[in-house]
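Participant: Chain residues, written in single-letter form:
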Amino acid sequence: MTTLPRPSLSLPGRRSAESPPWGYRARRSLKVMAVYGMVAVALVFFLFPYFWMVVSAFKSPGDVTAYPPVWLFEPTLDNFRELIESMGALSALRNSLIVVGLSTCLALIFGTMAAYALARFNIKGKETIALEILMVRMLPPIVSVIPLFLLARKFGLFDTYWILIAVYTLMGLPFVVWVMRVFVQEIPRSIEEAALVDGCTRLQVLFRISLPLMLPGLAATVVIIFMFAWNEYLFATMLTSSAAKTLPVVAANTVKPRGISWGLASAVGLLMSIPVVVLALLAQRYLVRGLTFGVVKG
Amino acid sequence: MGVRIEGLWKLFGGHTAVRDVSVEIEDGEFFVLLGPSGCGKTTTLRMIAGLENLSAGRVFFDDEDVTFFEPRRRDIAMVFQDYGLYPHLSVVDNIMFPLKVAGVPKDERRRRAGEVAERLEISSLLKRKPPQISGGEKQRVALARALVRNPKVFLMDEPLSNLDAKLRVSMRTEIKRLVSDAGITTIYVTHDQIEAMALATRIAVMNQGEMVQVGNPLEIYDRPATRFVASFIGSPPMNMFDGRLNSAEELEVVPRFLGEAVSRARVRQFYEQAPSIGGVVVGVRPEHLRLGASVGASNAVVELVEPLGQSTNVYLRADATPFVAVTNRTTLQVGDRVDVQVDESNIHVMDKETGRNFAVSPDDGLGA
Amino acid sequence: MPKNLNPVRGAHTHTPSRRTVLKGLGAAAAATAVGPSLKARAGDAVNLNIMLTNIPWTDAISSTIAEAYNAHTGGRVTITGEQMPYEAHYEKIILELSSGSSTFDIVTSDTIWIRQLVNNNWVTGLEPMKAKDPSLPDLNWKDFLDGPYLFSTFNGQRWAIHATQSTPVFVYRKDLLEQAGIEPPPLWNWDQYLDAAKKLTKNGVSGTAMLLGGQDACMGDWMFRVMGYDPNPPGNDFLLNDDNEPIFNENDRGVRAIERMKEILPYCPQGVFNFDYPDGPPLMQEGQAALVVHWLDMWPGLDDPSISKFAGKFGYTVSPTDNVSQHMVAGWGMFINAFSEHQREAYEFLAWMLEGPAYQMFREAGETTLIYKPDLASPEVKAQIPLLSVYDDINRLGTTYTAFPPYKVTNAAEVQRLVYEEVIAAVAGDKTPQAAMRDAEDRVVKAMRG
Amino acid sequence: MLAPTFIVLTAVGIYPLGYSLWISFNDYHPSNPSFPQGFIWFENYLTAFLDGQARHALGLTAIFTVSSVGASLVIGFALALLFNQRLPGLAIARTLILIPMLVTPIAVGITWRIMFNPDLGVINYLLGLIGIPSQGWLASMNQSLLSVIVVDVWQWTPFMFLILFAGVRSLPRSPFESAAIDGASRAKIFFLVTLPMMRPVILLAVLLRAVDSVRTFDQIFMMTRGGPNQTTDLVSLYLQRVNFKFFDIGYGAALSWLFLILLMAAVIAFIRYSGFLRSAAEKEAR
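Protein chains in written order, with my numbering: chain A, 1 to 298; chain B, 1001 to 1368; chain C, 2001 to 2450; chain D, 3001 to 3286.
Please note that a few of the clues may not be correct.
What the hints assert, rightly or not - Within a straight-line C-alpha distance of at most 16 Å, the following computed EDC-like cross-link-like pairs (lysine to aspartate or glutamate) qualify:
id	chain 1	residue 1	chain 2	residue 2
1	C	Lys2446	D	Asp3212
2	C	Lys2373	C	Asp2392
3	A	Lys31	B	Asp1093
4	C	Lys2446	C	Asp2243
5	D	Lys3245	C	Asp2243
6	C	Lys2431	D	Asp3027
What the hints assert, rightly or not - If you anchor each label on the Cβ, the simulated ranges turn out as follows:
id	chain 1	residue 1	chain 2	residue 2	range
7	C	Gln2157	D	Gly3070	27 to 35 Å
8	B	Ser1235	A	Glu186	31 to 39 Å
9	C	Asp2146	D	Asn3142	41 to 49 Å
10	A	Glu132	C	Lys2262	34 to 42 Å
11	B	Gln1310	A	Pro188	48 to 56 Å
12	D	Leu3090	C	Lys2262	48 to 56 Å
13	D	Gly3070	C	Asn2155	52 to 60 Å
14	D	Leu3090	B	Glu1115	29 to 37 Å
Note that these hints are calculated values from the structure, not bench results.
All C-beta atoms in this analysis are idealised placements derived from N, C-alpha and C, irrespective of residue type, glycine included.
The task is simple: from the sequences and hints, build the whole structure.
Facilitator: This is the structure:
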């Protein structure tokens, strides 16, 4: 038995005054500085174009094309004014919100139901289904835009919300099914069985028990499918006219043959990014988890 | 190889996880760090391994200061609570991994891995991958991987806590056998006092970041230095009662028979150690309570009897205070009145505030 | 594909007439007033929906003109317009009209797509309408330039009212020419142009600019040069003869045009290969180039000091040429959709447009390619839009008008694209100009099937 | 419960597909009734095999996809490891870095076109400040493809990063500590432990990105429309031209189908070769 220290009742600070040698601390702070340095480089690369877009949105036509670029200028809201007054941005915004909002909801509901069915009931060939879902995502949109245009014409759906809602619902479905299947699987069956024993119907189990547990997954999915539908251009421009025109069409319209309205284009880009960025910020905690599609369980 | 740590501190933000821990572990010792979860034992182990930066202090292997060595330069092996196997590698590749990164030739790697696998009886699993084998098997693989490289120090972080009760006991004996065969210095972290008692040549009990007592298992059991150690070790735990040292003459405690069992001389001895302290905690281990048949002076009533086969837990109440005693097989029944007796030497009197055990003298088991 | 070949349906000519009666606006129409249809009852408000693109004169249609016309009809007719990006305008026209859609009552279209609309019977001729229904108002063409007739008339019939007329204009920096000691051009040949471009290239200013990134814009650049070489019978386009055989490389003039383009390439800004119409004006406003030849309607704002650093320093004249005195014209027209349910109202609206004030509203909205003679004669307008001085030069030099090339074929967009691809490949140096022209001829012949 | 999905899939997904399959066996020019129209068996498909522009577009698409996905994988992985450090402020930076993927591709295209403008753009200006001569970017036939790849990497690396980051975060810690203790250097830990353990996540991220990347249209259309001189003429842009400039709808459909079949073959090969779905299914079974 060797000499052992007594149980120490000493106060903190007595021994900690003795600090690690300089080399050790320096190496560590060098490492921290390197991390922050790289983060700064990444931030500049990923944020500068967005910054430039935001800045341009508030520039006058003379400032926005100025060369060398001007960094200090008198900000103006003219671009936004023009968007609203002569480019119909407000009604397009309303259309976008209705179309994208509804289709996101529908895709969520249908997709979650399908995911629930796939995950809970033993359906053969899950691998094939996953593959098929992926295929829908791979379709070049240009393949289906002309048939859909004719379909919409035939059934009087052209330039209505319904056709775009249907298309965006389809676009979102594969994603929802894929992500939600994983979240359904992670809900212990025993919880649902307990609810059944406690006298819930199957539907009540779904809405009262399972759905709340799937919320993180739903949140992540909402952001992604909302984003894709919100930013979709080809169908929006082909399947609508004036009544159901959405924001991406307005955005494309800012490229005028006599000069890109750089300010207008930036303003509409900024305007459009706001809802998505807000949504993503709200759900970003869940985004990380929701996006691994069950390949990793986080 | 001996391990010496001096004044180890670990601060996480404002929280002090490890507070000025120093200890010297001898070559070949099986040293257990014991304590409840969050007491800093795992952090201490990880600082020894080099996985955690330390806020202050020094770590020596023999006489070499390894405080700022990266883990890979310390020549140690470690078994993790969740085994830390590489999920993408087969069992044999897992075992060979340390040899591979050390640049051992392939044939040599295979030979050594085969030997270790043989010794741990996992030769039939070599081709499988970790997700395909059971917890006990993973545990063996992790041990094999640690043993294959003949490390200087063997670190184990709660290696048995993910196993079921039965397997835990059998693995426990196996680990003890393997490690003592190899004669490697081992530092072992656990919160299970039985495991600690069974394995250790010496135990260090930790609480709230501090090392409160170091000693061999029986010392720790018989002479707990503090109220914490006393209550942490033993099952069922030590009975504890609030009491007062009113004067050099009197130890007041309910149930009264306890106070009565302590001689005046001994009360004075306690009182001299801390004359100003009134509140004390009086402790007695359940197996030190002797239950006699009631001969008039019965002082307790039986409330519940738990026959465990080997022994029996008898739950009693005296002076409206409940406590438990452990006896051999007994015919006692609920409602029986019994006479409870205890030896003065088995009664611990501890400072209510600091927790210090007056029954253990400072140089008693705690070294200098 | 079965199409409604009858451009004017009975129901649609009759009902509006009755409306006019009740409004007390046309006595003659009373004679034709017959059975009311459920769709459009007398006194119902009518909405005319117009397919527009995103340029100033179409802005005017959906704003000031819409208001004025609504007031003019006492609130009976409202005008709505939908702006299509120029890039998407062509495909939208085809998709809409080929499916027989009545979404748009009036469709605006670039010159080069006109044959498509007419040959497919997607639009209603103005003169046949008038012939069928004499109660319709007369169309007053006399206050407008002659150029647009070229591209809105087929088989002796009028198919559209013209909205604008564009023509090549040579824009140059007066100050830079003066500094370099170059006499400013009334009429240059291409050698003089190249020479000036060389001299003007310095200090971050390019001698000249081209817009090679856009199909239509690059074709313009090439055609300005093509037409400078050989006399053509008036009315012939430079691309195909009357039998739709390629003639753009007759006597190697296509090759020579490409060589010209390659010669001035070193004196162009770096971005020249990706520049399209929208990139031109900022380039000149910021003073990055000294000379450019391009369509008149693509250079607005050069003399606006709030967006142009070199406002007031630009001169305008006719496009350089070697030995021909023809000048291309192109522009936009407004057509009546053959599937529209409001053809009569559409006609009335177009007739009202031709009364004149609407064209002044074009100008007020910022349009610079004017065709309304009273505007063009006004000194204030000319001072306001110095670009228009090019018309004076055209008149002074006695040039004749000729229409922009591919307007004569039905699949103009495709033909233009094929030629564009070959021209750009040759300018980029992927092919020799000769090979490119041969390939272009082959591909155009193939594209003319059927 | 599968019914609504099935209905939407049929009406909006399968029907147009079937229609375009049928059209692909037709000569169909809605823009020009005087052209021959009608059923022509496999003529469109035969034409496609001889179409040099289609091959050119396919080659460009392959280069574009491989380099864009490859670059965003490397950068995304580096970012995932970088942001896995526990240091103050990184959480905010991590969120900010997601912004590019949230911006409308149309606006992304326009913004980058403005910035890439060789004569008026801010990028050449900034490069000029540090003494780098101005580049042609989108206008240069040598750099245009690179430039559109840069934009794609810019926009979608955050998406890649998000998936990889989730993967890195969910990795158990102990194998890395085991490896450190077993004597592995940082590089060895990365190649022998991190990479193999991240394999399923990497495969997933690559698959998702690649499938999206081959369809990229909006940004490139806004930036170059396939130019200059067709150096950025990806399949999606060529398809748009065939369909909407030439209005050769039958041929466009045939090209689309060939492209889709090729893509499916590539994806299936990728999945089979990498055992991606199998490993996911195994994981699920446990």
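Participant: Can you confirm whether the C-alpha distance between lysine 2431 (chain C) and aspartate 3027 (chain D) stays at or below 16 Å?
Facilitator: violated (31 Å)
Participant: How does the Cβ-Cβ distance of glutamate 132 (chain A) and lysine 2262 (chain C) compare with 34 to 42 Å: does it lie in that range?
Facilitator: violated (52 Å)
Participant: Look at the Cβ atoms of aspartate 2146 (chain C) and asparagine 3142 (chain D) and judge whether their distance stays inside 41 to 49 Å.
Facilitator: holds (47 Å)
Participant: Leucine 3090 (chain D) and lysine 2262 (chain C), beta-carbon distance inside 48 to 56 Å?
Facilitator: The hinted range 48 to 56 Å holds for leucine 3090 (chain D) and lysine 2262 (chain C), with Cβ atoms some 54 Å apart.
Participant: Holds or violated: lysine 31 (chain A) and aspartate 1093 (chain B), Cα atoms, limit 16 Å.
Facilitator: violated (33 Å)
Participant: With 29 to 37 Å as the target window, see if leucine 3090 (chain D) and glutamate 1115 (chain B) comply at their CB atoms.
Facilitator: violated (46 Å)
Participant: Hinted pair, alpha-carbon criterion (16 Å max): lysine 3245 (chain D), aspartate 2243 (chain C). Please report holds or violated.
Facilitator: Violated. Lysine 3245 (chain D) to aspartate 2243 (chain C) sits at ~23 Å, over the 16 Å cutoff.
Participant: Does the structure keep lysine 2446 (chain C) and aspartate 3212 (chain D) at a Cα separation of 16 Å or less?
Facilitator: violated (35 Å)
Participant: Would you say the C-beta atoms of glycine 3070 (chain D) and asparagine 2155 (chain C) sit inside 52 to 60 Å of each other?
Facilitator: holds (58 Å)
Participant: If you check the beta carbons of glutamine 1310 (chain B) and proline 188 (chain A), does the distance land in 48 to 56 Å?
Facilitator: violated (38 Å)
Participant: Given the hint of 31 to 39 Å, check if serine 1235 (chain B) and glutamate 186 (chain A) actually sit that far apart at their C-beta atoms.
Facilitator: Hint holds: Cβ distance 37 Å, inside 31 to 39 Å.
Participant: Are lysine 2446 (chain C) and aspartate 2243 (chain C) close enough, with their CA atoms no more than 16 Å apart?
Facilitator: holds (14 Å)
Violated hints, listed in ascending order, are 1, 3, 5, 6, 7, 10, 11, 14; each of the other numbered hints is respected by the structure.
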